[in-house]
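K.L.:
Between the sequences and the hints, there should be enough to build the whole structure, so can you do that?
Per UniProt numbering, the sequence shown runs over residues 1 to 348.
Hints are computed from structural coordinates only; laboratory data are not their basis. Computed from a prediction, not measured in an experiment: that's the story for all the values here. Mixed in with the good hints, there may be bad ones.
30 Å max Cα-Cα, derived DSBU-like pairs, lysine-lysine [unchecked claim]:
1. 182 to 317
2. 51 to 325
3. 207 to 122
4. 148 to 51
5. 122 to 182
6. 148 to 325
7. 207 to 51
8. 51 to 182
9. 182 to 207
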Amino acid sequence: MTKPGQVTMKKSNPSVSVVFSFFNEEDNIPELLRRCRQTLRAEQESGNISKYELIFVNDDSTDASERMLTEEAQREGDIKLVNMSRNFGNSSCIIAGFEHSRGDLVFYMDADLQDPPELMAKMLAAWRADDEVEVVNTVRLSRAGESKIKLAITRLGYDILARTSSIRFIREAGDFKLLSRKVVDHMLDMPESFPFTRGLVYYVGFKQENVYYHRESRHAGESKFFVLGPRVIHNFLFSALISFSSAPLVLSLLIGTVAALIGVSVMTYSIIQYFVVDGVTSGWTSLIAAVLFMGSAQLITTGINGFYINSIFIETKRRPRYIVKSTVGGPLDAPKAAEAAVPAKDGL
Numbered sequence: 001m002t003k004p005g006q007v008t009m010k011k012s013n014p015s016v017s018v019v020f021s022f023f024n025e026e027d028n029i030p031e032l033l034r035r036c037r038q039t040l041r042a043e044q045e046s047g048n049i050s051k052y053e054l055i056f057v058n059d060d061s062t063d064a065s066e067r068m069l070t071e072e073a074q075r076e077g078d079i080k081l082v083n084m085s086r087n088f089g090n091s092s093c094i095i096a097g098f099e100h101s102r103g104d105l106v107f108y109m110d111a112d113l114q115d116p117p118e119l120m121a122k123m124l125a126a127w128r129a130d131d132e133v134e135v136v137n138t139v140r141l142s143r144a145g146e147s148k149i150k151l152a153i154t155r156l157g158y159d160i161l162a163r164t165s166s167i168r169f170i171r172e173a174g175d176f177k178l179l180s181r182k183v184v185d186h187m188l189d190m191p192e193s194f195p196f197t198r199g200l201v202y203y204v205g206f207k208q209e210n211v212y213y214h215r216e217s218r219h220a221g222e223s224k225f226f227v228l229g230p231r232v233i234h235n236f237l238f239s240a241l242i243s244f245s246s247a248p249l250v251l252s253l254l255i256g257t258v259a260a261l262i263g264v265s266v267m268t269y270s271i272i273q274y275f276v277v278d279g280v281t282s283g284w285t286s287l288i289a290a291v292l293f294m295g296s297a298q299l300i301t302t303g304i305n306g307f308y309i310n311s312i313f314i315e316t317k318r319r320p321r322y323i324v325k326s327t328v329g330g331p332l333d334a335p336k337a338a339e340a341a342v343p344a345k346d347g348l
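P.N.:
Structure (C-alpha cells):
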C-alpha cells in the first residue's frame with residue numbers, strides 16, 4: 001500500500017488509451033477532440049502520463065463522422081479510427097476498442113460529451129493515490145437533460161440488477177471508467193456473445209475506486225438511447241440480466257408454482273362443490289379461467305427459459321461478435337489482430 005500522494009514505479013508515467021464507441025456524432029467530435037487533447041496534454045506536461053491515443057470505434061455511422069475522423073487521423077498522430085462493417089452495438093464496439101488499445105491504462109466513454117473529458121484528470125489522480133486500485137468508476141450524482149421517464153426506467157434496471165445479481169453493481173455508475181491493462185486483458189479473455197461491459201468490470205474484481213460527478217446534457221445532436229427501443233430491451237435482457245442473474249429462472253419457477261397451487265385449489269373447490277352442493281352444474285367460467293391461467297403461465301415460463309436456451313445456442317455458434325471494415329491511423333504501437341474470432345453479439 002502506498003502513502004497518499006506517493007507514486008510507485010509501477011504507476012509512474014503510464015501510457016493511456018481512450019476508447020470511444022460512437023454512432024452519428026459529427027456535431028460532437030470537434031469539441032470532444034479539443035477537450036480530450038487539452039486534458040491529456042496537460043497530464044503529459046505534468047508528467048502524469050507518457051503518451052496517449054484516442055481510439056474511435058465507428059458503429060457504421062451514416063453522417064460525416066467517419067470522414068471527419070479520417071482527416072483528423074491523417075493530420076494528427078494521436079487518433080486511431082476503427083470502422084465496423086455494420087452496426088454491432090455499443091458493447092461490441094467497446095470490446096473492439098479494447099482489442100486495438102495499447103495503453104497501460106484504458107479509459108472508455110461515450111462521445112456525446114455528457115461525461116466531461118476533464119474528469120479523466122481526477123480519475124488518474126484517484127488511480128495514482130492507491131497502488132492497489134485497478135479500476136476507477138464514475139458515479140453520477142445528477143443527470144441533466146434526461147426525461148423523468150428515462151431516469152425512472154434506467155434506475156429500475158439498476159435496482160433489478162443490484163438486487164438479483166451475484167456480483168455487486170454500483171447504481172448510477174455508467175460507461176465512463178478507467179481500467180488498468182490487467183483488467184482489460186482479463187475482460188478480453190471472456191469471449192462472451194453478449195458482453196455487458198459494466199458487468200464484466202465488476203466481475204473481474206480487484207480494488208475499485210469511485211469518482212462522483214454531475215452528468216451534463218448532450219453537447220449537440222440527439223440521443224441514440226431509447227429506453228423502450230428493441231435494441232435496449234434486447235441488450236438488457238441478454239447482456240445484463242441473463243448474463244449476471246438467475247432471477248428470470250427463479251421467476252419462472254415461482255410462476256409455475258403459483259399456477260400449480262391455483263390449479264390444485266380450483267380442483268379441490270370443484271370436488272367439494274360436487275359432493276356438498278346437490279345438483280351443482282359445473283360452470284364453464286371457472287374452467288376456462290383455469291385453462292387460460294395455466295396456459296399463460298406455461299407460455300411465460302417457456303419464454304423465459306427460451307432466452308437462456310437461445311443464449312446457449314448463440315454461444316455455441318462462435319460467430320465473431322464484430323467485423324472491422326477498415327482502420328485509419330495507428331498511435332502508440334501497431335495494433336494486434338483485433339478481428340480475431342470471438343463470439344457474436346447477435347444470433348436470433
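K.L.:
Does residue 317 lie within 30 Å of residue 182 when you go C-alpha to C-alpha?
P.N.:
28 Å, holds
K.L.:
Measure nothing beyond the straight line between the CA atoms of residue 51 and residue 182; if it is 30 Å or shorter, mark the hint as holding.
P.N.:
18 Å, holds
K.L.:
Does residue 325 sit within 30 Å of residue 51, going by the straight-line distance between their CA atoms?
P.N.:
27 Å, holds
K.L.:
Check the hint pairing residue 207 with residue 122 against an upper bound of 30 Å on the C-alpha distance.
P.N.:
17 Å, holds
K.L.:
Keeping to a limit of 30 Å between CA atoms, is the pair of residue 182 and residue 207 held or broken?
P.N.:
12 Å, holds
K.L.:
For the pair supplied as a hint, residue 148 and residue 325, confirm whether the alpha-carbon distance does not exceed 30 Å.
P.N.:
Not satisfied, since the Cα-Cα distance of roughly 38 Å exceeds 30 Å.
K.L.:
Straight-line Cα separation of residue 207 and residue 51 no greater than 30 Å?
P.N.:
Distance of about 25 Å is within 30 Å: holds.
K.L.:
Take a quick look at whether residue 122 and residue 182 sit within 30 Å of each other, Cα to Cα.
P.N.:
21 Å, holds
K.L.:
Going straight from one Cα to the other, do residue 148 and residue 51 come out at no more than 30 Å?
P.N.:
41 Å, violated
Violated hints, listed in ascending order, are 4 and 6; each of the other numbered hints is respected by the structure.
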